[in-house]
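Visitor: Spelled out, the chains give:
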Amino acid sequence: MRTFLLDALTKGKATIPAPGPDAAALAEAARALGERGRQRLGRSLAIREIDAGSCNGCELEIHAVNNPIYDAERFGLRFVASPRHADVLLVTGPVTWNMREALLRTYHATPEPRWVVALGDCAVDCGVFAGSPAVVGPLADILPVDLHVPGCPPAPLAIVKALLALMEVQA
Amino acid sequence: MRDGREAGEGLALRDLAAGRTAGADGYIRCPVDATTWSRLCDGCAGGQQDLQALWADGGTMCLALGDREYALRAIVSLATDAGRYPSVASRHRPALRLERAMRDLYGVEPVGLPDPRPWLDHGRWPGRQGDAPYPFLPVEGEGLHQIPVGPVHAGIIEPGHFRFTANGETVVRLEERLGYVHKGVEGLMAGASIENGARLAGRISGDSTVAYAWAFARAVEAALGWTPPARAVLLRAVMAELERVAHHIGDVGAICNDASVVAIHASCAVQREDVLAVAGACFGHRLMMDCIVPGGVAVDLSPDGVGRIRGLLARLEATRSDVLRVYDSMPSLQDRTVTTGIVSPALVRQYAAGGFVGRASGRAFDARKSFAYAPYDQVDFALKVRSGGDVDARLLVRLDEIGESLAILAQLLGRLAPGAIRSDRPAVSSGEGAGLIEAFRGDVFVDVRVLDGRLARVHARDASWFQWPLLEAAIEGNIVADFPLCNKSFNCSYSGHDL
Numbered sequence: 000m001r002t003f004l005l006d007a008l009t010k011g012k013a014t015i016p017a018p019g020p021d022a023a024a025l026a027e028a029a030r031a032l033g034e035r036g037r038q039r040l041g042r043s044l045a046i047r048e049i050d051a052g053s054c055n056g057c058e059l060e061i062h063a064v065n066n067p068i069y070d071a072e073r074f075g076l077r078f079v080a081s082p083r084h085a086d087v088l089l090v091t092g093p094v095t096w097n098m099r100e101a102l103l104r105t106y107h108a109t110p111e112p113r114w115v116v117a118l119g120d121c122a123v124d125c126g127v128f129a130g131s132p133a134v135v136g137p138l139a140d141i142l143p144v145d146l147h148v149p150g151c152p153p154a155p156l157a158i159v160k161a162l163l164a165l166m167e168v169q170a
Numbered sequence: 000m001r002d003g004r005e006a007g008e009g010l011a012l013r014d015l016a017a018g019r020t021a022g023a024d025g026y027i028r029c030p031v032d033a034t035t036w037s038r039l040c041d042g043c044a045g046g047q048q049d050l051q052a053l054w055a056d057g058g059t060m061c062l063a064l065g066d067r068e069y070a071l072r073a074i075v076s077l078a079t080d081a082g083r084y085p086s087v088a089s090r091h092r093p094a095l096r097l098e099r100a101m102r103d104l105y106g107v108e109p110v111g112l113p114d115p116r117p118w119l120d121h122g123r124w125p126g127r128q129g130d131a132p133y134p135f136l137p138v139e140g141e142g143l144h145q146i147p148v149g150p151v152h153a154g155i156i157e158p159g160h161f162r163f164t165a166n167g168e169t170v171v172r173l174e175e176r177l178g179y180v181h182k183g184v185e186g187l188m189a190g191a192s193i194e195n196g197a198r199l200a201g202r203i204s205g206d207s208t209v210a211y212a213w214a215f216a217r218a219v220e221a222a223l224g225w226t227p228p229a230r231a232v233l234l235r236a237v238m239a240e241l242e243r244v245a246h247h248i249g250d251v252g253a254i255c256n257d258a259s260v261v262a263i264h265a266s267c268a269v270q271r272e273d274v275l276a277v278a279g280a281c282f283g284h285r286l287m288m289d290c291i292v293p294g295g296v297a298v299d300l301s302p303d304g305v306g307r308i309r310g311l312l313a314r315l316e317a318t319r320s321d322v323l324r325v326y327d328s329m330p331s332l333q334d335r336t337v338t339t340g341i342v343s344p345a346l347v348r349q350y351a352a353g354g355f356v357g358r359a360s361g362r363a364f365d366a367r368k369s370f371a372y373a374p375y376d377q378v379d380f381a382l383k384v385r386s387g388g389d390v391d392a393r394l395l396v397r398l399d400e401i402g403e404s405l406a407i408l409a410q411l412l413g414r415l416a417p418g419a420i421r422s423d424r425p426a427v428s429s430g431e432g433a434g435l436i437e438a439f440r441g442d443v444f445v446d447v448r449v450l451d452g453r454l455a456r457v458h459a460r461d462a463s464w465f466q467w468p469l470l471e472a473a474i475e476g477n478i479v480a481d482f483p484l485c486n487k488s489f490n491c492s493y494s495g496h497d498l
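As they're listed, the protein sequences go chains A and B. Letter by letter, the first sequence follows residues 0 to 170 of numbering that gives the first Met the number 0. Letter by letter, the second sequence follows residues 0 to 498 of numbering that gives the first Met the number 0.
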């Protein structure tokens, strides 16, 4: 264990340089927040992830956002265990009928001000699952969405940039 | 469980198979009558063959069976009486959730089904909405309390509900309730073009996208007599092994993280990212989605890409031995994993549990070996089996398998010769075929029926179907706090199960 830790200290850091916020996401987030009045929360976001029917591909890339390479926490982007601690709901998947109620309950358990991010093509427009009778529809049909992050799944860097954009306009 | 039937009444697959020949996919296909159907199910219960899958196709029930000792596989079909047929689960319990699901989705009626509660149908689908609460199994006893968890969990994971009944800290029963991410995949596949079917297959369970795309491709190719080029077959295996090592190394780290050893987790997460970045650079998609298509592969691997993967192999081997060394040197970590969440060899055999869940409890099954498909029939690697059946054994099997995958990758890269990566679709427009592919978590099975160039029926069975029930057994008698470790050491798919 000692050499393992020493190795980690001496090899230099794995983390990549900080990316800037995504321009398109910045514009969308600014629009969304402008309409609802900007709220100041300081330079951090507490994020609650909800899988509302995803294939788990998006979850894999959200996990990657927290690895030492992207290290989202250095920007104040922190994933929390309860909606009651969250500023942002990060929702994946085409919302299934079987998850609809749990999604709504989680939304209502999140204190205001709260933002909703639709992550991945499925949350944006149901992706390949569009038209299934087991699917309610895109997230925007169920909850007010402040930011869309397309991709199947979006790459970790794209996720970080989108969340940075949300933080930028919000701070 | 077998309703007092005499042992020996069961019919063995090898007896049924005598005189019959298998199709291009290795499966013997034959219709059977209700008596033979039931005797085959008794044979499953008696351990004579494994239940691989069970699904409804119109008014017909299909049962996929496997006997790895005799390298025999069959899909038997039974014409139902307006949906009614003798329940498999009444004779062989591992079929229970499969039958409950088929009943919800296709309205078939397994006569004698031991548990008629709905499974995927939560009373939420349009036209079928109801307010009746789900009747969890009753638990009686002094000093018991219940802990409901989910469907939204604390971590970044898929949704599902766990109902724990505990006595103090000790779990006396776990009951799972799944189906929250049911997206109607099979419904969307029916009538779809083969191209759209392939895209859907790649999204049944995102973490096994390569394995599913491959299983689907093999099934379609078997149905239409389509042969992929040799280079494509090798590239498919390259992708599949990259997918395997990425998830194995990531999960090893995540298990250690659940025991609060963050240093190993960080190291594994960096390594996993390395694999995905290399995959992205080589194939244009980090998870390699849509890279395997019927007839071959959609992306070629450049000589530069071969170099990248070779570089990755060396780095991975170093991390693997580091992690193993640190894991071995930490009694406080092993204190959490050794003897935690034990699954007995008998249960693993009964459920024909695939992947590391089976292999960590002594079941020497790996689709790459047991029903070897190209190119694994030409690759030299060992089937890694352990007998502890606990979290420790599942973790070590996965570390063992990373080593084997690295050796496989080196062999595959060495055999890559220039050539086509995709062949043209043959003129044949109808047929049936199946594919059984070893995903990182276990064997995934896909069966397709193609009619006039379109998909008429597709059934996909994830390895998780036969692993989820064993998690309920694994946690029994363990403390609640060890559930994350047990769960992570299984890492079953919700999406692959819920479809």
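Calculated from the structure, these hints are not laboratory results. In this text the structure is predicted, and so the values were computed from the model without any measurement. Glycine residues also receive a C-beta, built at the ideal position from the N, C-alpha and C atoms. Fair warning: there could be bad hints in the mix.
Heads up, incomplete: computed chain A residues facing chain B, CB under 7 Å, no partners named [unchecked claim]:
| # | residue |
| --- | --- |
| 1 | Thr14 |
| 2 | Ile15 |
| 3 | Pro16 |
| 4 | Ile68 |
| 5 | Glu72 |
| 6 | Trp96 |
| 7 | Ser131 |
| 8 | Val134 |
| 9 | Val168 |
Visitor: The structure should be examined with respect to each hint, and the outcome stated for every one.
Guide: Evaluation of the provided hints:
1. Thr14: violated, 10 Å
2. Ile15: Since chain B brings no Cβ nearer than about 10 Å to Ile15(A), farther than 7 Å, the hint is violated.
3. Pro16: Violated: closest Cβ of chain B sits about 15 Å from Pro16(A), beyond 7 Å.
4. Ile68: holds, 5 Å
5. Glu72: violated, 12 Å
6. Trp96: holds, 4 Å
7. Ser131: holds, 4 Å
8. Val134: With a minimum Cβ separation of about 6 Å from chain B (threshold 7 Å), the hint on Val134(A) holds.
9. Val168: violated, 24 Å
The structure is inconsistent with the numbered hints 1, 2, 3, 5, 9, although it conforms to all the rest.
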